[in-house]
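> Make a model of the complete structure from these sequences and hints.
Protein chains: 2
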Amino acid sequence: MVAFTPEPLDLKSIDTIRALAADVVAKANSGHPGAPMGLAAAAHVLWSRFLKANPKDSKWFARDRFVLSNGCALQYIILHLLGYKLTLDDLKAFRQVDSKTPGHPEYHHTDGVEVTTGPLGQGFSNAVGFAIAEAHLAATFNKEGFNIVDNYTYVFLGDGCLMEGVASEAASIAGHQRLGKLIAIYDDNHITIDGDTNVAFTEDVLKRFEAYGWHVAEVKNGNSNYEGIYNAIIEAQKVKDKPSLIKLETIIGYGSKQQGTHGVHGSPLKKDDIVQLKQAIGFPPEESFFVPREVYDLYGKIAEKGAFAQSKWEALFVEYGKKFPNEYAELSRRIKGELPQGWEQKLPVYKVGDPAVASRKLSETVLTAIHGTLPELFGGSADLTGSNLTRVKNDVDFQPPSSGLGNHAGRYFRYGVREHGMGAILNGLSAYGAILPYGGTFFNFVSYAAGAVRLAALSGHQVIWVATHDSIGLGEDGPTHQPVETAIHFRATPNLQVWRPADGNETSAAYLVAINSRTTPSILCLSRQNLPQLEGSTIAKAAKGGYVLHEVEGKEDLTIVSTGSEVSIVVEAAGKLSSDGLKIRVVSLPSWEIFDAQSQEYRLSVLRSGAPILSVEAYSTIGWERYSHEQFGLKGWGSSGPYDKVYAKFGLTGSNIAELGKKTIEFYRKKGGEVVSPLIKAF
Amino acid sequence: MVAFTPEPLDLKSIDTIRALAADVVAKANSGHPGAPMGLAAAAHVLWSRFLKANPKDSKWFARDRFVLSNGCALQYIILHLLGYKLTLDDLKAFRQVDSKTPGHPEYHHTDGVEVTTGPLGQGFSNAVGFAIAEAHLAATFNKEGFNIVDNYTYVFLGDGCLMEGVASEAASIAGHQRLGKLIAIYDDNHITIDGDTNVAFTEDVLKRFEAYGWHVAEVKNGNSNYEGIYNAIIEAQKVKDKPSLIKLETIIGYGSKQQGTHGVHGSPLKKDDIVQLKQAIGFPPEESFFVPREVYDLYGKIAEKGAFAQSKWEALFVEYGKKFPNEYAELSRRIKGELPQGWEQKLPVYKVGDPAVASRKLSETVLTAIHGTLPELFGGSADLTGSNLTRVKNDVDFQPPSSGLGNHAGRYFRYGVREHGMGAILNGLSAYGAILPYGGTFFNFVSYAAGAVRLAALSGHQVIWVATHDSIGLGEDGPTHQPVETAIHFRATPNLQVWRPADGNETSAAYLVAINSRTTPSILCLSRQNLPQLEGSTIAKAAKGGYVLHEVEGKEDLTIVSTGSEVSIVVEAAGKLSSDGLKIRVVSLPSWEIFDAQSQEYRLSVLRSGAPILSVEAYSTIGWERYSHEQFGLKGWGSSGPYDKVYAKFGLTGSNIAELGKKTIEFYRKKGGEVVSPLIKAF
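Quick note, the sequences are listed as chains A and B, same order.
Read the first sequence against the numbering used here and you will find it ends at 683, with the numbers running on by one and no gaps.
Read the second sequence against the numbering used here and you will find it ends at 683, with the numbers running on by one and no gaps.
Honestly, the hints are just simulated from the structure, not real lab data.
Any given hint might turn out to be false.
Pairs count within a copy or across copies, as identical chains cannot be separated in the list.
[Said to hold, decoys possible] In silico DSBU-like cross-links for lysine-lysine, where the CA-CA straight-line distance does not exceed 30 Å:
{"no.": "1", "residue 1": "K663", "residue 2": "K681"}
{"no.": "2", "residue 1": "K27", "residue 2": "K681"}
{"no.": "3", "residue 1": "K322", "residue 2": "K351"}
{"no.": "4", "residue 1": "K649", "residue 2": "K92"}
As structure tokens, this is what we get:
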């Protein structure tokens, strides 16, 4: 064991973090001073003695990852002291509109923030994703003497994160996968918003994590036991085949007169309390945002150490490139986030007359076709592999080699029945870089992961959800498994593509756009039941999110717009109406988000004025008013039964839709006047 | 330890369950035969020797509760054999449209089904809710010699349930609360859809549950170790201060040629396999749905025992009524699901000029006012008590008495940071009966519990979500906490009331309708920021879901419709437009669902034809096209900052809305023709 004795400057640095935490939250008059004050010592020991990162190049690939799962101002303070692109003025603008320091750290928003945290349980689970990504890329690219991919993932988390089910799911996965380079530090401060953790959280956390297969350790007096913190991390690093959880006993708001109470959890310290805090540590008591020059200097040296580590790594990587030019080229491309030239050529193309196939199967065909060309694809399923069809033939499982079931170079992940954990891990895999993760479950159960999906969209993580069994078309499993409200939930989420392809070409288009959208998550809603290959569909047209599948000569009587498995039913209805001499256009709208991103001119050419538009989809109709004058769908829950009988029960048949089409035409004839496209708005 | 030796008829009964499971799934050509076949012995031992229930009166209040968390055909088979309202023909109609035997058991749909299961993790967590309800009502109503409330909750669950985070959350709560009468039997069959549990689930389950504070036990050879099952349950009953988890080692699909493989998990047995199964147990090999007469007789006797237990309990309850008439009257009323006469009189009423108050605070005022009158109200929060304002002053915490923090008669529950677990527990509390549960969290984090909210709506559990901090109006916490997509998600969910009250009277109305809606869950979206008391609002009007807050004389130029915290901003905008000589109606629409339930005549009197309608809400605008011609809201995510600055950033100000109002009026003037209400549809 290496002895560790803090220098006086270490103590001053820790005091600086505490004082800044008090000041930052007081200036904003909002935020959480307690956790940063309690975690200041651990943060300083970790960053000054362990963390390998270069503040001048926050995206350096080989850096250690640090996640503050109990997202708070501590993150900003550390980043500022180290010289990331975050000034003292940014700290002063904490929680102000358009600042770099929003209430909770956001990925893609603030330099050095690895993932968005604040919603509890997410950051910890993202960190599991980081550790998986590291293990996978290391197993894939490292060579004897060239540990190109070789970093730790450190995560701080609190009681709240440990209570959230998403973190339980991720923790069980991490233990199973033996992720030795994941080191979590649990801030055991005994305080949550409701007061003492005794009111709701009395489980034995360390025992629970041991049950998951983790190495666990405990550090008492975590506010000043620098050596204990240091040694626990050293020990954790030595355990190579298990993730580590270090329980750090701290006093929340350490240094405040209210320390150890929930009074310092989510409210600023009072002015006199801040004064006494600064007096106690020898800081000018009336000066806010005071940072001793020598503390900046110390952190500057830490930053230089990181820059030096990067330069050493870069030299090694160049050497690696000489010996292993293919691997070098491949990893370089993936780190840059570029896709291989012409990968799209692999996408399957279909023509009318090709067999009817379920779109979950069409998805499998796409994955099979592109799997070799896009080695960054890293798949998985929440225990529905055979249903989601997410596993390409001969794929290797990502498993600890000791399991005998695969290895960490494997590209297929068994998430177990853990949708939320999977969602948060997918986010972490994407944020790590060089990996394009996808995960499968039934569409209905993407809702279990709503917390993670939302953060993928907010953060811009490219994650693909293979969401099969996407409607009442799943049949027998019944309403407990049949989504009704799910599509509109995710369509209403900004920066999230929901795709509901109607056939093979549209499925290829969905993958095309989802894979090319590097900062947007996608949900692909895929059918269990077979779908015919449609006349008029092409990848290029579907890639616009919406297009005219069937055009008429002259002025139409009606346009019917639909998605996914209902498009072929609508085509049948249009056929019936045509035999009655009516002119019916059919529009397929597989992705609202992508359609909305087209020019208004294009959009109006698809959903044009002049005749009514009727929408048809096997979901709640809410939201379709944006694209249609009349809407048909489900008024309530689905039903358990063979899928064709369920469709018939709800009137989703060619003949019923033809009837509704007639009613629509009749209604607008009677009404008179011009029928204006719903896309034409006042502002 | 009582010795237990099965009679030959016990074995025949178990064989019958297995054969029926094979037949039921084969007939449907869909379903899960493996789990019922593996669990047949445990089910028989439990129901024949322990379970106190009366099949002729499935709602008898004092019954033991049984939850099949891994929801499958086993539930229907047992209910049929016992003589619940489920015929052999119902079994034959398994997974057929409109049958009593949908793919997964549904509460309110099939006699004897205690909660809807199938979505994994939910049933187990509902069972925790049952055990809480039992402990609470027992502590509240039982008297020396009168254990009126005294039942066990038994739950069967599989690997899938144990992997789901929602179950982890609920399990930790159950351990903390020392729920001694909860007995869970874990079907450890080592098989999930993806194959052997080794691929994803290698944690030490029993150790984990010990860490949560559970009593744990293990039974080997669970397919034939009847005595082991029996004794484990007896032992579990003896442990009064801990919930129990019995790990039952079983072979999935026991008796099938494919037993022990995932081939029997979710697919029917092949014909020859069923034949050999029946030959092996001495059943006519070609006959389907064969039930020996003597098995019906045995189950009939079990049922009689249940009926006798009920009659004994009823006699005891009558005695109780003589000694404790008030408690008797109160409990009787609550069991019947009736509300106290005139409780609504307690609802606070406001008038213009009363102080502006945040609707979360108005909610607290309502709860305080009705708390004494409605003792069935059982509140709580997911560690946001001081923010949600869900705890009425001097409320007692529901806590194990040994904690010194409260007792089980307490009506306030500390859920910890466990939204999904809370949601599923709320459902269980409601399904138990005699309790009206509510739970608080930020509106954004109701999404973490989406899986449970959906089942509340599908099942008709009366559960009230106190969802505070309901928009960008929460300010500093920022976009990670600001819902944008959340309202439309839940508005699109059938049988779910979303309320977004604009002031005090509307908050009272929301509670009025939510509490009177006995089979519908509600989400009350409540502001962090203060809201003025509006001119024109009344409880009666708001209770219609939507109403004209401000009417004009003659024909209006514009109607603006809004909800919650934006209504007062719209009123301000209307004022500005009025000073410009325009006639502006203002409509408040606190609940779409309740408004939609009004007559078309009423609805058209509120959102009438003749002038354009503009909607304003601080969420995604998707869905508002149903009620308005033009929509204003958030185009993307929110922002972190003081709430008024955030509102200004997004144009949610009186002056900007007045501008948009003018644009709307202008646009429709130019367009010409009649402006028709969006509520008028073709079919």
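> A separate judgement is required for each hint: does it hold in the structure or not?
How the hints compare with the structure:
1. Both within a single protomer and between protomers do K663 and K681 lie at most 30 Å apart by alpha-carbon distance, with minima of 25 Å and 10 Å respectively.
2. Taking CA atoms no more than 30 Å apart as the test, K27 paired with K681 passes in neither setting, with 43 Å inside one copy and 54 Å between copies.
3. For the identical chains of this complex, K322 and K351 are neighbours neither inside a copy (46 Å) nor across copies (80 Å), given an alpha-carbon limit of 30 Å.
4. When the C-alpha separation of K649 and K92 is checked against a cutoff of 30 Å, the pair qualifies only between copies, where the shortest distance is 20 Å, while the shortest distance within a copy is 61 Å.
Going down the numbered hints, you'll see the structure goes against 2 and 3, while the others check out.
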